[in-house]
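Sequences are here, hints too, so could you generate the full structure?
Using the working numbering, you'd call the opening residue of the sequence shown number 1 and step up by one each time.
Hints were generated in silico from the structure; no laboratory data involved. Note that this is a predicted model, so its numbers are computed, not measured. Wrong hints could be hidden among the right ones.
[Unchecked claim] Cut-off 20 angstroms, straight-line C-alpha distance, at most; resulting in silico cross-link-like pairs (DMTMM-like, lysine to aspartate or glutamate):
id	residue 1	residue 2
1	K277	E155
2	K477	D437
3	K125	D436
4	K162	E147
5	K119	E329
6	K181	E155
7	K498	E480
8	K94	D437
9	K235	E224
10	K235	D186
11	K384	E374
12	K65	D372
[Stated by the list, open to error] Ranges between beta-carbon positions, derived for each pair:
id	residue 1	residue 2	range
13	E225	D313	21 to 27 angstroms
14	D398	E473	56 to 62 angstroms
15	E473	R194	34 to 40 angstroms
16	E118	E344	20 to 26 angstroms
17	L45	T486	47 to 53 angstroms
18	K498	G416	39 to 45 angstroms
19	Y361	M226	25 to 31 angstroms
20	G121	R193	43 to 49 angstroms
21	V100	D60	49 to 55 angstroms
22	V56	K384	45 to 51 angstroms
Heads up, the beta-carbon is just placed ideally off N, CA and C, and yes, glycines get one too.
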Amino acid sequence: MRKLIDTLFSRLVIVGLLIALQAVFLVVFIWRLSSYFVFLYGALLVLSILVTLWLVNKNDNPSYKLAWIIPIMTFPMFGGLFYLFFGNTHVSKKMTSGMVRVAKRTLPLLKQDESLGEKLGKLDKGIQNQSHYITYHSGYPLFGRTETAYLSPGEAKFEALKAELEKAGHFIFLEYFIIEKGVMWDGVLEILRRKAAAGVDVRVMYDDCGCLTTLPGGYDRQLEEMGIQCVRFNKFRPVLSMIMNHRDHRKIAVIDGHTGFMGGVNLADEYINAVDKHGHWKDASVMLKGEAVWSLTVMFLQMWEIVTGSEEDYECFRPHRSHPAPFGEDGFVQPYSDSPIDQERVGEMVYTNIISRAKDYVYIASPYLIIDNEMATSLILAAKSGVDVRIMTPHRGDKWYVHSLTRAYYRQLIEGGVKIYEYEPGFVHSKTFVADDEVGVVGTINLDYRSLYLHFECGVWMYRSRAVMQVKEDYVKTLEKCIPITLDSELINAGPVKSLVRAVLRLFAPLM
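Written out as structure tokens, the structure reads:
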């Protein structure tokens, strides 16, 4: 009974009801007015037609445009208006202007060492081209002198993170999509509290929408009382708006400028299997030690400035400020960030680059497989060209409709030669790519429309680093626990009802 009461009065239920009431009020208000004023119906109809024409000519993903055009033309009285509320993918002017301002100010801090690019080009011109794209379209340079370590599952990241946090003497930056009280967060928070009391600059940033069900409102003030600086990204407000779709899905940790973490693991108990949500939770992160951590530091401070309006002295956080000794060599490392601000789909392009340039194999892990035609074509073309393309997804989904939608793409890919595997023990949350024993990515970017088009994301591109082979070895080992999906599988050959549901879900996939 107590659990039911807590759920009914939870932050999610309350704001959900407020938004639903606003939507109902808007529909009823328009409906009643249109019955009295014929011209209003005509105006709304014209609006829907104009919005449809604008969508057709808009430089956007065709699947996303189609997913909106159908409901707009089906319900012309409300369709155009609802698109204006929910469909525009542009970020707010305030956030856009803040990001442009910060990007211009920090551009000189991210200069590329051209000699390093030339060195990479002598090894492989095609690989250099991949790095070149990231440098000049994400804005983050290529680094050497950075050691890498692949950490999987989440328990490995948790132990490594705690160990590195204990060593912090200058600053700790944490930026996460989800934080939830429990074994993992309590363990981290205990260290943060001690470090802040000892004078370490401790900052935490979390996505307010991502933490809607995991943290109480105003949790940032509780952390401030502990001496921990804290901000909420995109503070959640119960109003009809598309802005909540632009979430900070990044997971970044930086310690003293020379050690950093990036990957799929949030600060909540399911990520370390301290609780069982969807069976065994398989996740992945990468730990960096060296000069490439500078990009993680800049990413964090850029977002911190945008949210707070402050101006930081970035030079105080350089890697060698607290680590004067030289760093070890471990191939080439290039952290990068992706944002919906510039309409440049960096996350998707990095993945496509790896797929299209692979010679022997591409092994992919993603919790979701909701892809556009371009990505599907790249995967199938690689497979038809003789590349061993494998994709690992969960056997137990976290959302039934998303899991069903993921399976809706299986037949097309398998018929094109792509091999699909489901992780039988539970849920794969890893977002990893590895190809040809040379190049790999570990990050936060799922193979779905939200990650590829709407969210703020990040990843680490690596070439001939130790972590690349660690990703491959872990992938091959994990395949032993997977179910290979074939065209005869019942997971593909669903009944007529499931097939219909999947067809409808796939039509509206870009909106999920």
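Now the hints, each set against the structure:
no.: 1; hint: K277 to E155; in the structure: holds, 15 angstroms
no.: 2; hint: K477 to D437; in the structure: holds, 15 angstroms
no.: 3; hint: K125 to D436; in the structure: holds, 15 angstroms
no.: 4; hint: K162 to E147; in the structure: holds, 18 angstroms
no.: 5; hint: K119 to E329; in the structure: holds, 14 angstroms
no.: 6; hint: K181 to E155; in the structure: holds, 16 angstroms
no.: 7; hint: K498 to E480; in the structure: violated, 29 angstroms
no.: 8; hint: K94 to D437; in the structure: violated, 43 angstroms
no.: 9; hint: K235 to E224; in the structure: holds, 16 angstroms
no.: 10; hint: K235 to D186; in the structure: violated, 23 angstroms
no.: 11; hint: K384 to E374; in the structure: holds, 15 angstroms
no.: 12; hint: K65 to D372; in the structure: holds, 12 angstroms
no.: 13; hint: E225 to D313: 21 to 27 angstroms; in the structure: holds, 26 angstroms
no.: 14; hint: D398 to E473: 56 to 62 angstroms; in the structure: violated, 26 angstroms
no.: 15; hint: E473 to R194: 34 to 40 angstroms; in the structure: holds, 36 angstroms
no.: 16; hint: E118 to E344: 20 to 26 angstroms; in the structure: holds, 25 angstroms
no.: 17; hint: L45 to T486: 47 to 53 angstroms; in the structure: holds, 49 angstroms
no.: 18; hint: K498 to G416: 39 to 45 angstroms; in the structure: violated, 22 angstroms
no.: 19; hint: Y361 to M226: 25 to 31 angstroms; in the structure: violated, 48 angstroms
no.: 20; hint: G121 to R193: 43 to 49 angstroms; in the structure: holds, 48 angstroms
no.: 21; hint: V100 to D60: 49 to 55 angstroms; in the structure: violated, 21 angstroms
no.: 22; hint: V56 to K384: 45 to 51 angstroms; in the structure: violated, 32 angstroms
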